[in-house]
Structures are given as structure tokens and as C-alpha cells.
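Fit chain W to the given chain D structure using the hints.
The chain contents come next:
Number of protein chains: 2
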Amino acid sequence: MKLDVVKVGGAILEDEAALAAMLARFASLQGARVLVHGGGRSATALASRLGVETRMAEGRRITDAPMLEIVTMVYGGLVNKRAVAALQALGINALGLTGADLGYMRGHRRPAGKIDYGFVGDVDSVDISKLESLIASGVVPVLAPLVYDGSGGLLNTNADTIASKAAVAFAGRFEVCLTFCFEAPGVLADPSDKGSVIPHITPSIFESFKAEGIISGGMIPKLDNAFDALRAGVKQVRITDIAGIGSDGGTLVTLE
Amino acid sequence: MKLDVVKVGGAILEDEAALAAMLARFASLQGARVLVHGGGRSATALASRLGVETRMAEGRRITDAPMLEIVTMVYGGLVNKRAVAALQALGINALGLTGADLGYMRGHRRPAGKIDYGFVGDVDSVDISKLESLIASGVVPVLAPLVYDGSGGLLNTNADTIASKAAVAFAGRFEVCLTFCFEAPGVLADPSDKGSVIPHITPSIFESFKAEGIISGGMIPKLDNAFDALRAGVKQVRITDIAGIGSDGGTLVTLE
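Taken in sequence, the protein lines are chains D and W. As numbered in our numbering, the first sequence has no gaps in its residue numbers, which increase by one up to the final residue, 256. As numbered in our numbering, the second sequence has no gaps in its residue numbers, which increase by one up to the final residue, 1256.
Rather than coming from a laboratory, the hints here were simulated on the basis of the structure. If you're wondering where the values come from, they're calculated on a predicted model, not measured in any experiment. Check the hints yourself; a few may be wrong.
Unchecked claim - A few chain W positions that, by computed beta-carbon distances, are all more than 10 Å from chain D:
#, residue
1, Glu1014
2, Thr1054
3, Arg1082
4, Asp1122
5, Ala1171
6, Gly1172
7, Thr1202
8, Gly1213
9, Lys1222
10, Gly1249
As the list claims (entries may be wrong) - Just so you have them, the derived chain W footprint on chain D, three or more residues with Cβ under 8 Å:
#, segment
11, 99-111
12, 149-159
Where is the CB? At the ideal position from N, CA and C, for every residue including glycine.
Okay, chain D solo, but in the shape it has when bound:
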């Protein structure tokens, strides 16, 4: 059976109209599906209103106790429940989950090295058996980027990682298509030109584009992530904007 895992992040979550368009697109997909969301910008906005400083290191949020409260409220509450309610209105039987709900995704606190990320988790295990019967009965899980630490706490985890780990875990039972949905129409050869979408990326194309500097910055971990997912059994990865969900637009990432 096919399963679509769609991750939505970035500016789409902050823009009511864009979010509505994205969810409508997601709702129009046929068959089993899972939504994964981020919410970093909303967390930063709330932190700022609360006078809590947002500190980032290598693109990741340093999560002390006040910031953990904020991401629990924003990811687990505001963003998750808004998406769930909006999907219900579109006739989708959505159910919001953090890793602690049903204990489905566990992680451990990343050990402090050069940087101490605080309450940030690396994923250890995804128990999709707990979600599988829900999916079989038509439920659509909506996953917030928080994992359960196994001892009563939550840990902040990158939403792309949550999406990849969930996709890989489901790949044992489903034919999984993983879609990363963001503002741009795909991986761009020229970031200033939305018409420069690279339609297909394989590991060898990736290496040469990296060497030429065509692919750089935050797109590198995103593609590394995509290749990892494919090597672990995910059938297809697509990087696209809203219009590309469920289409053959955007950038298709495959191993060959």
C-alpha cells in the first residue's frame, strides 16, 4: 500500500492562506498519509514576545528549559492543533501527536559536545505499529517535531528528521513517498530564479552540483537526509512547493 509522508515547514506555516492551500492539497491526496510540520518561526516569534532569546548553532535551535516550554506550546499546541482542526474541516480524520503520544517516537538528548543544544533529541526508535492500525482505519497522523525521551520529557527535534525517520519506519510496511514542501518550487540551480528547478537529483548529480557550488547551504543536509531515507527503503523523495504535492513537479530525488 502507498503512504504519503508530507513535511511542511518554513514560511508556509506562518501564512494563513499558504497553510490553507497546502492543507487542501494534502487533503486531496488519495490513500494513506501522514503530515509532519515544523514551526520554528512561530517559536522564535513567541520567544521574542516572552523575552526569551533564540540562539541557533549550525542551523539548529539551542533549547534550554524556557525554550522547551515554548516549542512544546507552539509545536505540540498551536501549530499542531491548528493543522488538525483545519484538516478535520476538509474531511480528514486528523490526529495530532508528539513522540510522547502513544510513545511512538523516542530519542535521547544529544550529548553536549562543542555545542550544548540542551533539550534537543536525536531519534532512537519509531514504533509505527502504534500508528499503523490508526492509519488502516483512515486516521491521518499529524506529527509535531518533539520526541519522547523515555523518562517523562520531550525533546526538540528537527522536523525534516522526524519526517525522514517516520518515512523510513513506515517503509517496512508501505510504499512510502516522502515530500518536503517549502516555499521554493524545488531545489534551485540559481536561488534567485524560481524557474531554475533541478527536476531530478541522484547521488552523482548531487556530488557534481555540490562541487560546482550549485547546491549549497541548508539544501545539503536536506538532500543528505533524502538519500539516507531512500537507502533505508523509502521509495521516492520529492522537494517541492505547495503545487508540487501529489504531482510530479518539483525536484525528484532518487538513488539512480
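Same frame as chain D, but now just chain W:
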């Protein structure tokens, strides 16, 4: 089959040690159970930090759009996910839900009368079929006091009401014991004396205590609520502190 519906509110949710004790007590119950939580004090605290005024009318929170965001974050995120994670650590397979999750509890916005409560909902329906199979598989629902409005939104709803409505809905399939857990050891004949717990209240006792002024204030709607639940099929209602959960302490409320 027996089902315990336990509602926790008030100061217990604000006190880490009290909450841990309450959850441990709840986890020690045998058999099927549901937890319902409030969180008004945390919502008021967050509102204050954000410079959002908390306005109450007849003991209920007036919920404008900024306050709806706050209660969505606090009830749906912070309080709910903390309880879920803590229960998971106690070996309970908890799953946090708002009314939008699985669309299990619907309500409508209370029409503006003398007071416009804003985004406050009155419960219309509880579809417990969606929770029943989860409960049968050992899942413990943790219910946040937010109902789904049927058209993409959430509405703030009193947690005692959520507990009563859920208890009544479950009463068709289970032998439901509804427990209201708060700071005091039960309904007190003298609010200043914790030793003055009224062990048993029936409608006739209630009427005479009300007439004598022994029962007053916020306890009146709580008891009205309890009698409504009993008349609608709930087997037993208990009002108690943490120690009374799963015991025969506190105040037992019955129809006869």
C-alpha cells in the same frame, strides 16, 4: 467494564510535585481510564507574560482571538504534553487529544448574550466510538479542554464540562466512575476546615445545604454538573484531592 474518568484541575497542575503525585495515583488505577485536565492558571500566567488581559465573567474565561491562541498553546500543548510524557514514564500508554483530534468532541460557539464569551464552546456531541477501540487496546486518552467547532476551529471549554460530557458519553458502554480531583479533600462544610469533608451528597442533602449556605459559590455548578452526569447514566461521582483518587475518600455524590 469499568472506566475511570478523572478530571484534574486547579492548583495541582501548577505544582510539579502535586502533579507528579496525582499522575502516579492515576497510573495506579486498574483498568480503563481517561484523564481530563484544565490549565486556567497557566493560561492566565502566560497571558500576563504576553501582556494579554485575562477577563472572566461568571467564573468563565472570555476568550478573544489572542486568548484562544494562548489556551491552544497551554491546554493543547504545554499541560497536555507534559501529562502525556509523565504518564508514559509511568508505563501508561497515554495519548493527548483536543476535540479536533479524531474530531471526537464537537461544540458550537456560545451565542453572545449579556456576555460575549468569544471563542468559548458548548459541547454538542462526543463521538466516543473513536476512542473506544483505542481504550480497548490499552491507550489512555488525555483530554484537553478544547472542543472542535466543526469548521476548522477550536473553542475553549470548561474542563469540568469536558469531563462530564465524556463521562456521560462513555456511560453507554462502560460503568463510569467520574472523579473531580482538586486541592481540597472533598466538598467542605466549612471551607476553612479540611476536616469538614461532607462524605456523601444526594440531591436532597444538596438542596438543604444550599439553603443553609453550607454549599455555595463554585461548588454549586460542580455539583449540578455531577448530578447531571449521574442522571445521564454515570455510575458514581467523587470529588476529592489526590489521595482520594481510586479510594473511597472525599465526597461521594449519588442520586440516592
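Structure-based check of each hint:
For Glu1014/W, the condition that its CB be more than 10 Å from all CB atoms of chain D holds, with the nearest at approximately 14 Å. Listed as outside the interface, Thr1054/W is consistent with that label: its C-beta sits roughly 16 Å from the nearest C-beta of chain D, beyond the 10 Å cut-off. Not every CB of chain D lies more than 10 Å from the CB of Arg1082/W, the least distance being 7 Å, so the non-interface label is violated. Even its closest Cβ contact with chain D, about 17 Å, leaves Asp1122/W beyond 10 Å, as expected for a residue assigned away from the interface.
Non-interface status of Ala1171/W relative to chain D is upheld: no Cβ of that chain comes within 10 Å, the nearest being about 24 Å off. At roughly 21 Å, the least C-beta separation between Gly1172/W and chain D is larger than 10 Å, which holds for a residue marked as non-interface. With a cut of 10 Å on Cβ distances, Thr1202/W stays outside the contact zone with chain D, its closest approach being about 40 Å. At roughly 41 Å from the closest C-beta of chain D, the C-beta of Gly1213/W stays outside 10 Å, upholding its exclusion from the interface.
Lys1222/W, annotated as away from the interface, keeps every beta carbon of chain D farther than 10 Å; the closest lies near 27 Å. Against chain D, the non-interface label of Gly1249/W holds: every CB pair exceeds 10 Å, the least being about 27 Å. Counting residues of the segment 99-111 of chain D whose C-beta sits closer than 8 Å to any C-beta of chain W gives 4, which meets the bar of three, so the coverage hint holds. Check on the segment 149-159 of chain D: 6 of its residues sit with their Cβ under 8 Å from a Cβ of chain W, so the three-residue criterion for coverage holds.
Checked against the numbered hints listed earlier, the structure breaks hint 3 alone; every other hint is satisfied.
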